[in-house]
Amino acid sequence: MKIDDKKIAELSHLAKLSFEGEEKEAIRKDLEKITGFCELLNEVDTTGVEPLIYLSDNVNVLREDQVKQDFTKEQALKNAPKADSDFFRVPKVINTARN
Amino acid sequence: MLYQSFDQIKSDLTASKISVEKLVNHYLSQIELKNSELNAFLEVYADEAKQQAKAIDHKIQNGEPTGSLAGLVIGLKDNLCYQGHHVSASSKILEGFESQFTATAVQRLLNEDAIVIGRLNCDEFAMGASNENSAYGNVKNAANIQYVPGGSSGGSAVAVQSDMCFAALGSDTGGSIRQPAAFCGQVGAKPTYGKISRWGLLSYASSFDQIGAITHTVTDNAMLTELMAGYDENDATSSQQEVSPYLPLQNMDRKLKIAYIGDCLNHEGMDAEIKEKTLELISDLKTKGHTLTEIDFPYLDQMVPCYYVLTTAEASSNLARYSGLTFGYRSSNSTDLESTFTLSRTEGFGPEVKRRIMLGTFVLSSNHYDAYYTKAQKVRQIIKQKTDDILKEFDFILLPTTSTPAFKIGEKSANPIAMYLADLFTVQAPLAGNPAISIPLSTHSIDNMPFGIQLIAARHDEKGMFEMAKYLEDIIQ
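Each protein sequence line maps, in turn, to chains A and B.
With numbering that gives the first Met the number 0 applied, the first sequence corresponds to residues 0 to 98, in that order.
With numbering that gives the first Met the number 0 applied, the second sequence corresponds to residues 0 to 476, in that order.
Okay, chain B solo, but in the shape it has when bound (with noise of 0.2 Å):
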């Protein structure tokens, strides 16, 4: 690993110690060597990326002023626009469509002088939890290539994992930024709904959607979430409340309430050393003065279900636009109309697709709208305001990540429920809206795969969640 820090490549710049054109070198080298086997890159920008560098160096020599991000070095999640450069959600219905403007997020790090090296390998359409769905073939884990590396995100994980760039973008809709960065022993978060703009975020789920940072520190995570945050006319759901900066994250030094959920730990599926290792955290948290309290979560069971019905309703809705007409693939066998619709979605989408379009629509049609759909906005409703409920009471609620560790390649494709339960604990966040951060706990005994704990704050409550994150990050190095 080159750089762990932004902080150090700032003042290794400053010092000459290295150049930015040196850094891409770096990284790009770091693809040339691992991106064969692991897959995370799905195009790689060099000659781009070089020029871009030496730009900077250009101006860095002449004392001329640069962004705030000169000299980071980052990947994009494949369902992200960069004008001029493909995006393809890894679905071959997108094979070779071109962005026509950059989204928002991304913009707002380009205009501080960060440098975009590739785009990076996920599930398609950011559907899966293991980057086994994806049409350009999985993604690895840099700890042991027989293990998925989690998903949607998984080549924004393992990019950064493997030091291919320094750091990634990644989406999260139902935990696809927070448990990749689990199995890869990375820093990865969710920000609130509607904290960073959608715009030029291919969609699945709009009502959970969010753009997120992975990154090997939470400072570098609060910085990169923090210049991507704020209101964007182009997404009328962007929060409008001003974004105070989060750097630098103040010591927490008050004695904090953290609620963790018992009914987690004691969950059927819940690996034993990962209970172990998050005991251990608490009851550190506890010996430094801070009171935690386990309480009763009793929606465990209806999180899951809850979270699939209204986001493969949105999905349904969402994914009509793949029409074969306008852009995207068009099957050759086309004859009509109608043909043209079947035929290019039915070739152009995966297995994992279709199926959450299928559910999607079951649950959207007039018969079943009730009793499925109303029924799960309702059920996220009292998600949200038990939530918010907690939220009042306690500063944080800490859970593990995931409660298994990243799990082998094949293992669980062959049942999607199984699959499903992998999103057991990073669902709640995002159905409540309320930010949340996973950052390393530790390794397994089973070998060495990286697990992580999760910490989930109160809606727009990012600076005091990356705080929190960096004074447990301490605790646990």
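So here's chain A without its partners, still in its complex pose (with noise of 0.2 Å):
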């Protein structure tokens, strides 16, 4: 499929994800072949074929509501990139102007 920038800003603005110079003209072009390649799938007649979501035998897996810590507050922000002793510290998240 013919795939253009604007399609590649689209897409880069939905997966968080920045392409420029070279990058985006190489990722313009993977994915206009990737896709093309998953184009072979348009020669399988799936007329009246339920689409497979599940491949799991369980069948409602159920269990008790129970209250139970097993991951502390210290756990939780062992690996965080920055934190205080009580919370995740992240960049401001409201701006004044969007960009």
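Bear in mind the hints are in silico, worked out from the structure with no lab data behind them.
By construction, the Cβ of each residue, glycine as well, lies at the ideal position given by its N, Cα and C atoms.
Be careful, since some hints might not be right.
Computed list of lysine-lysine pairs in BS3-like fashion (alpha-carbon distance at most 25 Å, straight line) [claimed, not checked]:
id : chain 1 : residue 1 : chain 2 : residue 2
1  : A       : 32        : B       : 407
2  : A       : 28        : B       : 411
3  : A       : 77        : B       : 9
4  : B       : 411       : B       : 256
5  : B       : 91        : A       : 23
6  : B       : 91        : B       : 391
7  : B       : 287       : B       : 254
8  : A       : 1         : B       : 411
9  : B       : 276       : B       : 287
10 : A       : 91        : A       : 67
11 : B       : 254       : B       : 274
12 : A       : 28        : A       : 6
13 : B       : 462       : B       : 383
14 : B       : 383       : B       : 411
15 : B       : 21        : B       : 49
16 : B       : 391       : B       : 285
17 : A       : 81        : B       : 287
18 : B       : 91        : B       : 53
19 : A       : 67        : A       : 77
20 : A       : 28        : A       : 5
21 : A       : 23        : B       : 411
22 : A       : 32        : B       : 411
23 : B       : 33        : B       : 21
24 : B       : 256       : B       : 462
Restraint ranges, calculated between C-beta atoms of paired labels, are given here [claimed, not checked]:
id : chain 1 : residue 1 : chain 2 : residue 2 : range
25 : B       : 267       : A       : 59        : 44 to 50 Å
26 : A       : 65        : B       : 442       : 39 to 45 Å
27 : A       : 63        : B       : 46        : 37 to 43 Å
28 : B       : 94        : A       : 84        : 20 to 26 Å
29 : A       : 92        : B       : 95        : 20 to 26 Å
30 : B       : 233       : A       : 77        : 17 to 23 Å
31 : A       : 44        : B       : 316       : 27 to 33 Å
32 : A       : 77        : B       : 316       : 48 to 54 Å
33 : B       : 9         : A       : 60        : 49 to 55 Å
Listed next, the stretches of chain A that the computed footprint assigns to chain B, with coverage defined by at least 3 CB atoms under 8 Å from CB atoms of chain B [claimed, not checked]:
id : segment
34 : 12-21
35 : 37-48
Each chain sits in its own coordinate frame; assemble them with the hints.
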């Protein structure tokens, strides 16, 4: 499928990734090739076929709703790129102007 | 090679011919000798492994009971959590991340006194077929360092191949255990979907991912798979079927009905020597009185596209958690929320991971969802039903693990589709959820590179699969 720069901009916004310069052209070409390759799927007639969604044989895996702690605050904060003793620290969330 | 089978280790331990500490020291010395060139281990837990070995030796000396895996030294693919140890999926985005709990599969082996000696390089987030996508460098095939070891569990295969540990765990999404096992001359098995809990496995594509083992022998693979298998309340998709013991593997004394796929052997990319050796095995099995039937599988061209549409969709969703907020890499250039997400992900992920996230985002976006994602789910249904139909009529499907032996480093890295086709014969089993195993078949006249033969069995028939694989192993040797 033909992929243009607008499509790359749209997808990279959704995926929270950024491609600049040569990388942008490379990902555009790759996606064009790979989507073209994936169009081989159209050669199979799937009329009336249900999509396969779950592979598990399990039906309704139920359990009691019990209160238990298996992860402490210290553990949760352990791998944070930035944290204080109680909270994750993140850059400012609310901006005055939207970019 | 110090030991080829765990039975030898056990009997030598019982006869006090070796100690667990000596075993650990042997593997550590092999790592010291070989790892700087092969790059299989990302981290080695030398002191910890020695201490654990001493504790187990102490129990043996005092006649105290030990676990069934006392003396087993394993390596873990770098996408399996082991509490208090780093895990990175060979990605910069998880550099320095420390597991806060242990994967169920790993814990079940630790409970039996297995010793984890280190964590093993892989393709970033298990995405790759050559171990060239790691943020920590390529892994090299120990049979010839100009060649790739396969992927994504390349470090796991090479560590076992080069005797740097006795066995290793990997994960298989489209062939990531079986293909590197074949390229490195080892045994690699992917159990039925849901057979082993995925709790503590870093997700790539959740409706495909399965943990499994790479070993020298079929028997040892069956032993590890059996111990890891079975329901886990932390993974609601893990199978609730009871696991009956696989060992001892019974002799195959009945006449079998085996299907082989003509479309695979006649595929344009099929290496002539692999085809010839496969046909020799087929005729050998016929001579032994088994029924081997060539069957059609008209979806060969669709299997890899189907696999890529579905796995990239699942990956784009699973990898959304790497946001730079609560764990993992955060770009130092971040100024606000949006730039924290975008810069951390852009700087943290490698090119193949980004490519797959973009493709997954594409196939899930509202304009293309039906044409690609739903279409692929329907094709997956057809592939599963066709595989089920074959395995109703036949005991097993026999096919080469790969269409070529290992390729040279750099040979396919510029062409994603050529690389994706390295999975051609291994994606059927995970698409259909079936167990499959690769065992060494022979070596190629070009540089003696190993290649494998693969068996696909009915879902939950691991016991039968391992028994048949053992039978083949004996014939091939």
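Going through the hints against the structure:
1. A:32 with B:407: holds (23 Å)
2. A:28 with B:411: holds (17 Å)
3. A:77 with B:9: violated (40 Å)
4. B:411 with B:256: violated (37 Å)
5. B:91 with A:23: holds (21 Å)
6. B:91 with B:391: violated (46 Å)
7. B:287 with B:254: holds (9 Å)
8. A:1 with B:411: holds (24 Å)
9. B:276 with B:287: holds (17 Å)
10. A:91 with A:67: The given pair, whose Cα atoms are some 33 Å apart, is violated under the 25 Å limit.
11. B:254 with B:274: Given pair residue 254 (chain B), residue 274 (chain B) holds - Cα atoms ~24 Å apart, limit 25 Å.
12. A:28 with A:6: With a Cα-Cα distance of about 12 Å, the restraint between residue 28 (chain A) and residue 6 (chain A) holds, given a limit of 25 Å.
13. B:462 with B:383: Measuring from Cα to Cα gives roughly 21 Å; hence the hint holds.
14. B:383 with B:411: This hinted pair is violated, its Cα atoms lying about 29 Å apart.
15. B:21 with B:49: Given pair residue 21 (chain B), residue 49 (chain B) holds - Cα atoms ~9 Å apart, limit 25 Å.
16. B:391 with B:285: holds (20 Å)
17. A:81 with B:287: The hint is violated at about 66 Å.
18. B:91 with B:53: violated (35 Å)
19. A:67 with A:77: Measuring from Cα to Cα gives roughly 20 Å; hence the hint holds.
20. A:28 with A:5: With Cα atoms ~13 Å apart, residue 28 (chain A) and residue 5 (chain A) stay inside 25 Å; holds.
21. A:23 with B:411: holds (21 Å)
22. A:32 with B:411: Answer holds: residue 32 (chain A) to residue 411 (chain B) is near 15 Å, not above 25 Å.
23. B:33 with B:21: holds (18 Å)
24. B:256 with B:462: holds (17 Å)
25. B:267 with A:59: 44 to 50 Å: holds (46 Å)
26. A:65 with B:442: 39 to 45 Å: violated (55 Å)
27. A:63 with B:46: 37 to 43 Å: holds (42 Å)
28. B:94 with A:84: 20 to 26 Å: holds (24 Å)
29. A:92 with B:95: 20 to 26 Å: holds (25 Å)
30. B:233 with A:77: 17 to 23 Å: Because 19 Å falls inside the window, the suggested range holds.
31. A:44 with B:316: 27 to 33 Å: holds (28 Å)
32. A:77 with B:316: 48 to 54 Å: violated (25 Å)
33. B:9 with A:60: 49 to 55 Å: violated (37 Å)
34. 12-21: Check passed, 6 qualifying residues.
35. 37-48: holds (count 9)
Hints 3, 4, 6, 10, 14, 17, 18, 26, 32, 33 from the list above are not met by this structure, while the remaining hints are.
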